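2 protein chains.
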Amino acid sequence: MKVVLLSGGGGGARFARGLADTLPPGDLTVVGNVGDDLEILGLLVSPDLDSLLYTLAGLIDEGRRWGREGESWNALASARAWGGEEWFRLGDLDLGLHLVRTELLHAGMSLSGVTDQLREKASVSTRILPATDGRLRTHVHAPAGSFPFQEWFVARAHEDEVDAVSYEGADDARAASGVLEALADAEAILIAPSNPYLSIGPILAVGEIRTAVESRRVRCVAVSPLVGGKAVSGPLDRMLSRMAGGTTPAHVAGCYPALIDGLVIDGADAPGEADVELVATRTLMSDRDAARRLAEHVLEAACG
Amino acid sequence: MKVVLLSGGGGGARFARGLADTLPPGDLTVVGNVGDDLEILGLLVSPDLDSLLYTLAGLIDEGRRWGREGESWNALASARAWGGEEWFRLGDLDLGLHLVRTELLHAGMSLSGVTDQLREKASVSTRILPATDGRLRTHVHAPAGSFPFQEWFVARAHEDEVDAVSYEGADDARAASGVLEALADAEAILIAPSNPYLSIGPILAVGEIRTAVESRRVRCVAVSPLVGGKAVSGPLDRMLSRMAGGTTPAHVAGCYPALIDGLVIDGADAPGEADVELVATRTLMSDRDAARRLAEHVLEAACG
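Keeping their order, the protein sequence lines are chains Y and Z. Quick note on the numbering used here: the first sequence kicks off at 225 and runs consecutively. Quick note on the numbering used here: the second sequence kicks off at 225 and runs consecutively.
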């Protein structure tokens, strides 16, 4: 069953692994968010693509939930001592990937080409595609000003309340090579339990992708990232309250107008009301088995 | 006493520290070789400038004689696993410097500007200047072909015999900012016990520098890198035998025609004959004190 998942990192990556554990090898294609990408110390870093790759390859630090297991931090400490930026944490193992990707990008390879090469090196059968090979950057607009995503998220510890989110470069962005083909071939389209504004929004801001999902002939089901109206991690509950007026399933579904046919919610949020089908299950992915069970439920819901 | 030293890394860097330990702070300026510089994993690496900086800052690995003490190698191992180049060894601590330098260079700062900023960060009072801010690269010509320096030295383990050495970019190279001023102000010019072809040759290949040394009004004294006709490390003895016909003090002095007034040689090579003054002492820098004693002897010889 060919499935396309739109996903950020974090919980989205764990859900992607649950799907990969459920579906036949090669049936899953993940379209990842690149709105969080940044240049730091001259390196091109794609945090969400990396979280997807590390999680699917079994390299992720499960405790920290980002970066590599068994990581060391010597290069960053050295860079700091020589006057380099230090606000964005890059481990030594992580740096190895960023060095290779940055060199390939500078040599003219596309981000989707690089990502596919890295996936092959890690023997990951799930295809990982960036939403776009172009430059697309999320900006957060807050009372104190407008900030590039990582400056708000990391340097300002995402403490500012968010009034709006915008996606620089989205107007001109084309879907990356393979994305539209995967969506056209999909028997189901899924949206991961990721932040709708910060992780899924930048993907759907690519016009070709939004149009492809809007004009789908198969079901599209999203998984709510909230449990009992609260974000499992991150600032989504505060953002939804301020920007959408609440944190019920209807408020989550409202982030995806005309884009989803169903929303999988946690039992703690049921019964709920929304203008799409609601399916309640346990959505907290406390371990890999829980992620696989959630994936099975979501695939059932997507089969309608 | 204002002194300018022309130097490579390795033994040259140890001699530079001996001078720095002898002279008043700020009196020493080292002009370093950049012919060994390379781009690897997208980073701009200046091995000789780094050896000078690390040695003068007390950060060098004294056993390995290059790179940082307490080094780890996790980023390079990771890069290799992702398909990156691995023939040139870059430790994690070392990478921190290369990341900062590469970012500053890409932002438009000159190599001399970056090098000076790094020196200040390490609280090193000795000025370290690249011979040139332009691109200058040493190539080695061998029976098997011509090779960029690092390919011959590292990847081919400098096993090929050398017929000739050339310096790409030398014709157009200008002395880096500060070099000619330092030479004009110097009360003595010294040439470190570095390889004349591979370390000092690229410096003197910069026309403005060669002219400044040729037209000096102060003494210029070189230190022979040979002990008993053998190189302390590296391929110099084989190179001198093949390219100059022998490894006596006269053959070493012959590498610096019209450029030096004296040559400091090891007692094992004395008595020798050359058309410059020969001064015999112990030149093996087995520890920091030995380097300081050698520096004192060389400064005496330079004072004529």
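The reader is advised that the hints may include incorrect statements.
Heads up, the list lumps identical chains together, so a pair's fine if it works in one copy or across two of them.
With a Cα cut of at most 20 angstroms, we get these calculated DMTMM-like pairs of lysine to aspartate or glutamate [stated by the list, open to error]:
{"no.": "1", "residue 1": "345", "residue 2": "438"}
{"no.": "2", "residue 1": "454", "residue 2": "293"}
{"no.": "3", "residue 1": "345", "residue 2": "310"}
{"no.": "4", "residue 1": "345", "residue 2": "309"}
{"no.": "5", "residue 1": "454", "residue 2": "524"}
These are computed hints drawn from the structure, not numbers from a lab. Keep in mind that this is a model prediction, so the values were computed, not measured.
Status of each hint after checking the structure:
1. Taking CA atoms no more than 20 angstroms apart as the test, residue 345 paired with residue 438 passes in neither setting, with 34 angstroms inside one copy and 55 angstroms between copies.
2. Taking the shortest Cα distances, residue 454 and residue 293 never come within 20 angstroms of each other, neither inside one copy (28 angstroms) nor across copies (48 angstroms).
3. When the C-alpha separation of residue 345 and residue 310 is checked against a cutoff of 20 angstroms, the pair qualifies only between copies, where the shortest distance is 15 angstroms, while the shortest distance within a copy is 29 angstroms.
4. Taking the closest pair of Cα atoms, residue 345 and residue 309 come within 20 angstroms of each other only across two copies (14 angstroms); inside a single copy the shortest separation is 29 angstroms, beyond that limit.
5. In this homomeric assembly, residue 454 and residue 524 never come within 20 angstroms of each other (Cα to Cα): the closest approach is 25 angstroms inside a single copy and 77 angstroms across copies.
Checked against the numbered hints above, the structure breaks hints 1, 2, 5 and satisfies the rest.
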